[in-house]
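Peer 1: Quick mapping for you: the protein sequence lines, in order, are chains A and B.
In terms of the numbering used here, the first sequence is residues 1 to 392.
In terms of the numbering used here, the second sequence is residues 1 to 375.
Hints are computed from structural coordinates only; laboratory data are not their basis.
As the structure is a computational prediction, the values presented were derived from the model and not from experiment.
Honestly, I wouldn't trust all of these hints.
[Said to hold, decoys possible] In silico DSSO-like pairs for lysine-lysine, Cα to Cα no more than 27 Å straight-line: (1) A/Lys76 to B/Lys173; (2) A/Lys82 to B/Lys223; (3) B/Lys223 to B/Lys185; (4) B/Lys185 to A/Lys164; (5) B/Lys173 to B/Lys185; (6) B/Lys82 to A/Lys76; (7) A/Lys82 to A/Lys104; (8) A/Lys78 to B/Lys283; (9) A/Lys82 to A/Lys120; (10) A/Lys82 to B/Lys283; (11) B/Lys223 to A/Lys164; (12) A/Lys164 to A/Lys151; (13) A/Lys78 to B/Lys82; (14) A/Lys120 to A/Lys104; (15) A/Lys151 to B/Lys51; (16) A/Lys113 to A/Lys69; (17) B/Lys51 to B/Lys283; (18) B/Lys82 to A/Lys82.
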Amino acid sequence: MVRRIRALGLTLPLLAFLLAAFIIPVLLFLWQGVHDDTYARYMPHSTPVLEAWDGVSEPTEAMYEALQKDLVQARKDKTIGKVATRVNRESPGGRSLFTSTARKAARLEAPYKQAMIDLKPAWGRLETWQALRVAAARYTPAYLATSVDLKYRGDGSIRRQEEKRRIHLTLFWRTIEISALVTIFCLLLGYPVAYLLSNLPARRSNLLLILVLLPFWTSILVRTTAWIAILQGNGVLNDLFVAFGVIGDDNRFSMVYNRTGTLVAMTHILLPFMILPLYAVMRTIPKAYVQAAHSLGANGWVAFWRVYFPQTLAGVGAGVVLVFILATGYYITPALVGGQDGQMISNLIDFHMRRSLNWPLAAAMGFVLLVLVMFLYWLYDRVSGIDRMRLG
Amino acid sequence: MVAADAKPCLRFWEGRMRSFAFFLAAGTWFAATDALAGDLTVVSWGGPYTKSQVEAYHKPWMARTGHRILSEDYSGGLSEIKSQVLAGNVTWDVVDIEAAEGLLGCDEGFLEEIDPSILPPAPDGTPAEQDFLEGAISPCMIGQVVASMVFAYDRERLSPGPTTIHDFFDLEKFPGRRGMRRSPKAALEMALVADGVLPDQVYAVLATPEGVDRAFARLDSIKEQVVWWEASSHAPQLLADGEVVMSTAYNGRIFDASALEGRSLAIVWDAQVLEIGHWAIVKGAQNLDLALDFIAFASKPENMAVQSSWISYAPVRHTAAGMIGFHHSNPELDMRPHMPTWPDNLKTVIWQDVEFWADYLDELNERFNAWLAEG
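Produce the complete structure using the sequences and hints provided.
Peer 2: What follows is the structure, encoded as structure tokens:
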């Protein structure tokens, strides 16, 4: 018992570190994806009125009055910009509708309904109020709905996003597709290399291992940029093709700023994550097994497929899971060499984090990605068993 | 009743926000230890643009005040500013910001309000407010330069070259790939003008759903051939590598690559989209007084004119525009015809509508991203 506590004590620093630097921040961030009280906090009068409203009937004078009161106060407190930004996410153009109405709100007189509609006709539209109702809710499925191409509407219904705005499902699917392809390429390229590594005499295999590790130690940015230099229209590879007469000078291959570029660069970058676990497992496999298979009459292929390969499965599993999961989160490489059809879901998350500042939507998309990866991991576990996976 | 029950919820959230901010702070902590008290951190876009600011503003200001300026690069947007403000650990002071982002940042309370009375009057005594271009002074932002999104081509590869925005969208007349900034900004405006909309009606058309459809339909016609760039240095690079035959770009970058690096790049000014680059101060900046002093110093017309001798962006002050002369290192290179505001270049011009973009940026970005992802 004491010993167990002592052992636990040793892992405590790591646990505390993980909790503080990883788990809590991730949870807090995910929390943002469903909880947004910007509107409710700064618009205390109209929030309860909007919550009580059914979302379909004609907005009443009382609703206009509450809103007017809030607008006057929010302008005085200089919080109107935050509210306007929140509303703009639900109703494009809502930002200037809010800020410009707030500027004049103090001078409006009852009946407010007529006064506000006279000021801006948009106040007479049901959609404007439905957008407000969505913005006023503290707990909202709106962001999660958006991240799977659904639209949560002010009357409480959820429909499919209109066709021109559907993007997320396409990107989630593409992320899986690209990750799967990269994983397959890594396996096809990495397996023979790992085999060679584990069967060469130590000195030569060490040299070869350095060749695998050198790029691994180089920054992702450098490696990605190098691929641009190699693959671009006037790049090394195309120049070689032209020089050898494979293609004409004016119809060079487009190998970068598209999906090909993403696949090539990501495969190269993730290759060590496949080779290293494979190598670690292969090194422990005694040569005697394959020799025994041969002496019992198996030809090369049978000996490999029935005797050698099954023993490497643990390494294959580790490499596949490692490469696939890392690939689903990639965004720098696709951003640089992906063009338009090589972008993945992480690029959109990055966009909402850095550009549109729509952190709640980024959080919701991150959550969906997390669930997706967990699901695939679970599926993998059901099919081949995680406990059979070995990293070395 | 509801207000009473909103309160604990509010406190709950604030607690969360504060702890979230703490983790953000942990991330920025290392960056923060670099700056000493009294050092002003000025953040801009890097490359020849930052260089022009360093020469025109940083160096003389440092010599005058004895304070050091730490110059940092960023790639636009509000994310770093938002993180720093939320974390309560503001390491940036002055930021060079795009107008629409600055407006949103001001709305959301991430930027300090700047009293325009700090701005020095013109040499002839004209008050600053009348000397600045219209819209160049707003509650949180002080205008600095007029930059322009134009399109450019390589004269050596394309002769005769394109002359209008119609040529940019005409794949039959000028086959080959096009470089464009990965953003609906400027792209939609240019597409509409290429589709026959008059430059001064672009935003009225773009505010309607049909107008947006029309712009995207025009972009659709060249989509297959577009290479999208993000960092502004990438555009002249794409042209120089021959990766594209034409590319949209900031005019200063093209000027730098052609006049200084000797590349044969030429600018087409038709349907250029003009925007104003602004100074802003991050909310809670540690060196607020120094930041204000720096912005006032950089807003002197004579200093603005110096910047325009380093890069082909025009000052936002009328008096400064009148002082533009020759390139700092090449006394034969008249900078005036290279300015986006030079009369010959102003024939068909779109002044970026900041309010429009502040309103529709999210929506159009969403549409733009979805359109890109259609593949």
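Peer 1: Where does the structure disagree with the numbered hints, that is, which hint numbers, in rising order?
Peer 2: 1, 2 and 15
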